[in-house]
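Note that full-length UniProt numbering gives residue 80 to position 80 of the sequence shown, counting from 1, and the numbers run on in steps of one.
Simulated from the structure, these hints should not be mistaken for laboratory data.
Computed from a prediction, not measured in an experiment: that's the story for all the values here.
We treat Cβ as the ideally placed atom computed from N, Cα and C, and that holds for glycine.
Treat the hints with care, as some may be off.
Stated by the list, open to error - Quick list of simulated restraints, FRET-style, between CB atoms: (1) D113 to G179: 37 to 45 Å; (2) N170 to N88: 31 to 39 Å; (3) V152 to G179: 15 to 23 Å; (4) V106 to R145: 32 to 40 Å.
Claimed, not checked - 27 Å max Cα-Cα, derived DSS-like pairs, lysine-lysine: (5) K181 to K157; (6) K77 to K200; (7) K181 to K77; (8) K200 to K167; (9) K167 to K181; (10) K167 to K157; (11) K77 to K99; (12) K158 to K77; (13) K157 to K77; (14) K200 to K157.
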Amino acid sequence: MSMSQSRAVQRSSSPNEDRGENQLVVYDLKGNDDTEEEVLPVQSQPLSSRTQCPSIGAFTVQCASCFKWRLMPSMQKYEEIREQLLENPFFCDTAREWKPDISCDVPADIYQDGTRLWAIDKPNISRPPAGWQRLLRIRGEGGTRFADVYYVAPSGKKLRSTVEVQKYLNDNSEYIGEGVKLSQFSFQIPKPLQDDYVRKRPARLLDSIDNTNTPVAKEANPLAWISPDDHISLQLGTPTESGLNNSHYQPSKKKKTSTLSIFGSNDELADR
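Generate the whole structure from the sequences, applying the supplied hints.
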């Protein structure tokens, strides 16, 4: 899975906005290859057209102690950490599993340097069932939606909504027998920190869509979600050419938390 673009944004520190504790962040750098799982070299690639869509290229997590970004060795490890991020914040010491010499004293693996698109992902999204894949496709800038999530069943069938997942499980009861549950599927998508990346639809158009008789697939609830009291929210920011500034964003002092992200490159036309 891969995602990159030539913009980065810094989280807003406005006291009037909800705090972004325990946020998962997405940003990008390689080609739009759903099978790509290796950590890729950090490169910059300018955005040549608003019709090009970024794709996820590598995964990174922010340490809850030093706030430095650490690259993940695979999409699977990213999903594992994301699934329990609220209960088990990420620390640099955790990365010793694949990088023995890492610590908070080692420089960050990647910085917000103004060359990539950043977005907030949802924490505590359940990992897909064994043999299944959860894929995220980022749309091009200027569309009406930032990204699409779909699941790939062991048979290769792509499912794009909870309605499709439920029907597929009903038609293939062997998966239910194996313990696959609808609660393991989430179609929650990240939200870009670049506030004009997604085109806002007119209210009148939204009303006409809401009044249609066409059934609309609803997003599944993640296995473990955040209550409103936790103040876990998406925060938008403004473009910045500097690195991540701890004075602008730090998790709450009451409990150490961590942040996740992803990156890639522009190479395909996005569906609008």
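K167 paired with K181 [C-alpha distance capped at 27 Å]: 12 Å, holds
K157 paired with K77 [C-alpha distance capped at 27 Å]: 24 Å, holds
Satisfaction of hint between K157 and K181, Cα-Cα up to 27 Å: Judged against 27 Å, a Cα distance of about 17 Å means the pair holds.
Restraint check for K167 with K157, where alpha carbons must lie at most 27 Å apart: 12 Å, holds
27 Å Cα cutoff - pair K77, K200: 34 Å, violated
Pairwise hint evaluation, K77 against K181, where the allowed Cα distance is 27 Å at most: This hinted pair holds, its Cα atoms lying about 22 Å apart.
Outcome for the supplied range 31 to 39 Å, where the beta carbon pair is N170 and N88: Cβ of N170 to Cβ of N88: about 34 Å, so the range 31 to 39 Å holds.
Given hint K99 paired with K77 - CA-CA distance at most 27 Å: At roughly 13 Å apart (the allowed maximum being 27 Å), K99 and K77 satisfy the hint.
Outcome of range test on Cβ distance (V106, R145; 32 to 40 Å): With Cβ atoms ~38 Å apart, the hint holds.
Holds or violated: K158 to K77, with C-alpha atoms at most 27 Å apart: 22 Å, holds
Verdict for V152, G179 (Cβ pair) under range 15 to 23 Å: 18 Å, holds
Holds or violated: K200 to K157, with C-alpha atoms at most 27 Å apart: 32 Å, violated
Against the hints set out earlier in the document, violations occur for numbers 6, 8, 14.
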